[in-house]
Amino acid sequence: MALDEIKIGGLGASRRRVEDNRFIRGKGQYVDDIVLPGMLHMEILRSPVAHARIKSIDVSAAWEIPGVRLVLTGEMMAARNLAWMPTLSYDTQAVLATDKVRFQGQEVAAVIADDPYIAKDACQAIVVEYEMLPVIVNPDQAKASDAPLIRDDKENQPTNKIFDWEIGDKAGTDKAFAEADKISKIELHYPRSHPSPLESCGSIADFNRATGKLTVYMTTQAPHIIRAAVAMVAELPEHMIRIVSPDLGGGFGNKVPVYPGYVISILASILTERPVKWIEDKSGNLISTGFGRDVYLEGEMALRKDGKILGVRMHTISDHGAFYADAQPSKFKIGLMHSAFACYDIPAAHLTATGYYTNKAPGGVAYRCSFRVTEAMFFQERMVQAAADDLGIDQAEFRRMNFVKDDMFPYRTAFGFLTDSGQYAKCLDIGLEAIGYKNFKAEQEEARKRGRLLGIGISTMTEPLGAGNSREYDIIGIKMFDSAELRVHMTGKALLRTGAKSQGQGHETTWAQIVAHELGIPAEDVVVEEGDTDTAPFGMGTYASRSTPVAGAAVAMVSRKIRAKARKIAAHLLEVSEEDIEWELGRFYVRSNQERGVTIQDCAMAAYSNVPDGLEPGLENNAYYDPPNLTWPFAAYLAKVEIDPETGVWDVLKMVAVDDCGVRINPMIVEGQIMGGLTEAYAMASMQYITFDEEGNCIGSNFMDYLLPTAWETPGFELHEVVTPCPHHPIGAKGIGECATVGGPAAFVNAVMNAIHHTGVRNVDMPLMPNRVYEAIQTGKDISGMPPVRSGN
Amino acid sequence: MTSLYDEVAPTPPSNVPTRRITVSVNGEPRTLDVEPRLLLAHMLRQGLKLTGTHTGCDTTNCGACTVLFDGRPIKSCTMLAVQADGHEVETVEGLASASELHPIQEGFKQEHGLHCGFCTPGMMLAAKALLEKNNNPTEDEVRWALSGNLCRCTGYQNIVKSVLWAAEKMRAESN
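Chains as they are written, first to last, in this note's numbering: chain B, 1 to 793; chain A, 1001 to 1175.
FYI, nobody ran anything at the bench for these hints, they're computed from the structure. Every residue gets a Cβ at the ideal spot worked out from N, C-alpha and C, and that includes glycine. One or more of the hints may lead you astray.
[Claimed, not checked] Cβ pair distances, simulated, as ranges:
{"hint": "1", "chain 1": "B", "residue 1": "Asp4", "chain 2": "A", "residue 2": "Ser1097", "range": "29 to 35 Å"}
{"hint": "2", "chain 1": "A", "residue 1": "Asp1070", "chain 2": "B", "residue 2": "Glu187", "range": "52 to 58 Å"}
{"hint": "3", "chain 1": "A", "residue 1": "Asp1085", "chain 2": "B", "residue 2": "Asp114", "range": "22 to 28 Å"}
Chain B extracted, bound-state conformation (with noise of 0.2 Å):
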């Protein structure tokens, strides 16, 4: 008889944590956990200043202090051709600064020690002579006629422009916008935000003169590009490299890019011949690490009178800070940023990106979403709650009438994307009825009447997730598949490894789960390793929710091979042909009798001890799977809100999600992503402001500044779910990780704007602090959130 799958912890059990039974015990092993035999300590010295030519470092004070091993400048790693190193989006950042700094946190020498708290005190005797150039904080000032070059290390380039791109049809939106009854434009801008995992970066790097092997245990999402990029920097043989990522303290993305901290602590290492470790504190984490988001937009719509949208146009200028690091497919220079408007049925669409320098910190990390898909939704959802507005359209209705409808697919986007799958308008309607749409209305106007401010904003979307394919997508030049190794042993236990990197998402409870679906092997007798590149097959790592998009179906693919190998082994087991056997979950039966079977674990004893002639033995495999397209979960949140006129404090007092993410694996797991994504989504909409002032001084260097929401102010979540399976992936399932921080941020914006709606104002840009709101509501002017930060801001 068939294994009940529930009770094995296959598809669909909200099957308990594995990787708890560590973390609640404080047995988790993260990178400062890890101690080596004779390691130092690194620590590094950061510029306090956001451009300026460095005239002198005086290092012979930190010299002297007992226990100091080495102390390292830009000069030193210049010497040893280190200085600068490529990022992954074919521009270079300095390691330690040798000319300039460009800004403020900017890396420029450090100190390995036989102590951290010696390593901080050496830093501190480091003399470091600035001579003060002009600083540019934003795109504005970056593109003016007189401003100062940022980049006057590189050859050809005499702006601090770095790119223009475009994409889509400018003919067939120009001919869309001249035939349109209205126009609708908005301005806006998507602020600066941190990911701010509460583990900041860290590594120990352990260079072993004698192997020649380089160890590296860091805090990276995606080991096997880092293994490539270290071979790349620090020319040293890849065979020789071993990239641990152990367990992580969060990433969201802030775990992707290659830090100079990394670079330093390797060197470090390889010249005193020791284990270094090097554990960021949260101030540099926030000055110094992958921002996300900073991207403005100018946005245009071109409507029918009756609602319909017959075009878009963007236009999106973004501050990538002194160096161009974004991590995203190489040949989109602003991410996925033409995912947008993907659930709408659109017949014309064109979008322009300028990118410039600017002295902050590099930015563009996709913070918990898929290469600058936040941008776009938030943009999309803003634009089309304004183009509801200019109509005087019912915003849930405006949307139902322009979504791609459900017979309409695969559908090709106005941008040229293939979404395959998807029940937009029953996801609204779930939503409107949870948060109470109906009668909204005359409950809003009552309540103006009485002076209370109420409002419903809503947020549609569907998302790209899961990049690849490898055609289109690459980063610098590795494509972008994933991968699975399973090997089942001779009792029927098995030891999977994937070249994905849990950082929180419960890969080694899931993936399980998936093997316990192909094969019958309960999800208990699965162990799953990730992290190790000397032990996991090559991947491209955990980043853009494409873990179970790529590296879950390698994972069910990999199950299916070891089946078909398992099943030539029955029919020598059963002595009967191959074609006379049947599967089901577990167990293989020849067809004209059911009760004569064996078991998966039957299979694989013999596989190691009664092997038929002829056939390998052993179960093992693994399997590379290049997902034929992206994945696109949909999804619709809703928020009502209300705020206190006299002080612009808004409360959330209904959040609803519903989220069509294809079949879900664990539900409980999906539904913690869920969970967490609304809180950085609402995070980000009301409180995580990291901005600069004219000096290029960041504010919000710390958790005092920076705020963070606690379980005080976050509201809590009610959770909806329809289902529809993806139609390439072999399980049916579509990314979710970050589905709701990427399309939850309009929402609560909506929500906040349609509450304040009537004083005419159309916009107050991220985030939505009480003082904002205020004066958006005293003013009726809209708020621009452009740095540098006005004073008693």
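Given the coordinates of chain B, work out where chain A should sit on it, guided by the hints.
Positioned in the frame of chain B, the structure of chain A alone reads:
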């Protein structure tokens, strides 16, 4: 005979004062020589190898380093080790007995109260301090008691459920 030894620097820096302290850690008295500036969190992590106490923010905001100090939750990154002299400290390693998890640990697993696990030890200890005072808290009381601890993964809803799960179990056990 003993095989215990500690490497001693040939010329110990005379300007580094140390102080001998005794702290009860998870019920066991521990005696250490510490520099007066050493943070309690670092003493626990590097000195006593109790790495379940994490340091997240360095500025008393995130609560990953929360331990119980004479039964009260404190942030061990903002207390000096010397201040703990003569006091009792409880860390995540002291929560479970050899054979049994604490109900709070069970609650976090049952209600999916963690993703990456980095904030979890601090969250659980803050929750323990609450439940020892009030074993039947409301959702708001739980949220308030945990408001000194940041989590970036879960969105808190399941953390609150985990604590309420534990409260119920602790009430059942005490009856």
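Evaluated hints:
1. At roughly 34 Å, the beta-carbon separation of Asp4(B) and Ser1097(A) lies within the given 29 to 35 Å, and the hint holds.
2. Judged by the Cβ atoms, the range 52 to 58 Å given for Asp1070(A) and Glu187(B) holds: they are separated by roughly 56 Å.
3. Judged by the Cβ atoms, the range 22 to 28 Å given for Asp1085(A) and Asp114(B) holds: they are separated by roughly 25 Å.
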